[in-house]
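Novice: Sequence:
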Amino acid sequence: MRKKLYKLRFELFFLSLMAILFSSLFFPTSFYIDQALPVLFIVNVIVGLVIFLHDKERSWITVGLLILVVGAYVFRLISAHNNTLDYIRFSAFFVFYIIITLEVVKQVWKAKTVDKSVIFGLMSGYICLGLLAFFAFVSIEMTSPNSFKGLPLDATFPQKASHLLYYSYVTLMTIGYGDITPTTGTAQKASILFAMIGQFYLVIITAVVIEKYIRHQKSK
Numbered sequence: 001m002r003k004k005l006y007k008l009r010f011e012l013f014f015l016s017l018m019a020i021l022f023s024s025l026f027f028p029t030s031f032y033i034d035q036a037l038p039v040l041f042i043v044n045v046i047v048g049l050v051i052f053l054h055d056k057e058r059s060w061i062t063v064g065l066l067i068l069v070v071g072a073y074v075f076r077l078i079s080a081h082n083n084t085l086d087y088i089r090f091s092a093f094f095v096f097y098i099i100i101t102l103e104v105v106k107q108v109w110k111a112k113t114v115d116k117s118v119i120f121g122l123m124s125g126y127i128c129l130g131l132l133a134f135f136a137f138v139s140i141e142m143t144s145p146n147s148f149k150g151l152p153l154d155a156t157f158p159q160k161a162s163h164l165l166y167y168s169y170v171t172l173m174t175i176g177y178g179d180i181t182p183t184t185g186t187a188q189k190a191s192i193l194f195a196m197i198g199q200f201y202l203v204i205i206t207a208v209v210i211e212k213y214i215r216h217q218k219s220k
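According to my numbering, the stretch in the sequence shown is residues 1 to 220, in order.
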């Protein structure tokens, strides 16, 4: 069972990432933001454990982060709004996506042959970069409100976070529609950083995988 799960680790992780990004198409906006999205992030962390099946140290770190996230989420449900719990939850998610992104990229980079699983891993790594950007931007907005122009002024924080999720991928892909823009120095530098990381990923990591695929096809 463990071997089967590990073999499908990138496919499962990719599906859980897609659920985070596109479940809003199937749920009312308020339900998606307030109820579905936090649960989907927790599910994504659980699925991420499969990627660390052969790395006990990082598995335990991920389990610890999962317990922290679930605990903060449960306490938030049964108690009044507490900014401290939000800080803990977002910090745990941020650390998790740093660890999981590095691990996914490492496994994709070290893959000797390029198959379907590696392609899913390649796509998962890119999506994880967008989520890293998201948690970085949310952290900036939490510590320094109004760091981004274009967010709804009368929106709740979860609603603003949903807009920042959109902004994260627009920035990562260097589309730059201009409907949301960074206004503080920290937000601007973070936007530049993740736009550059997104390009480096496409130019370096993707190019290496394509080169391995071409070499593998020629050797057949």
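Just to be clear, a hint being listed does not mean it is correct.
Pairwise CB distance ranges (calculated) [unchecked claim]:
no., residue 1, residue 2, range
1, V70, T143, 44 to 52 Å
2, N146, S219, 51 to 59 Å
3, F22, A155, 31 to 39 Å
4, T156, I98, 21 to 29 Å
If you are wondering where the hints come from, they were derived from the structure by calculation, not from laboratory data. Backbone N, C-alpha and C define an ideal beta-carbon position, used for all residues, glycine too.
Novice: CB of N146 to CB of S219, is that within 51 to 59 Å?
Specialist: holds, 56 Å
Novice: Starting from the range 31 to 39 Å, see whether the pair F22 and A155 falls in it by beta-carbon distance.
Specialist: violated, 21 Å
Novice: Between T156 and I98, is the Cβ distance one that fits in 21 to 29 Å?
Specialist: holds, 27 Å
Novice: Quick one: are V70 and T143 within 44 to 52 Å, going by C-beta?
Specialist: Hint violated: Cβ distance 24 Å, outside 44 to 52 Å.
Violated hints, listed in ascending order, are 1, 3; each of the other numbered hints is respected by the structure.
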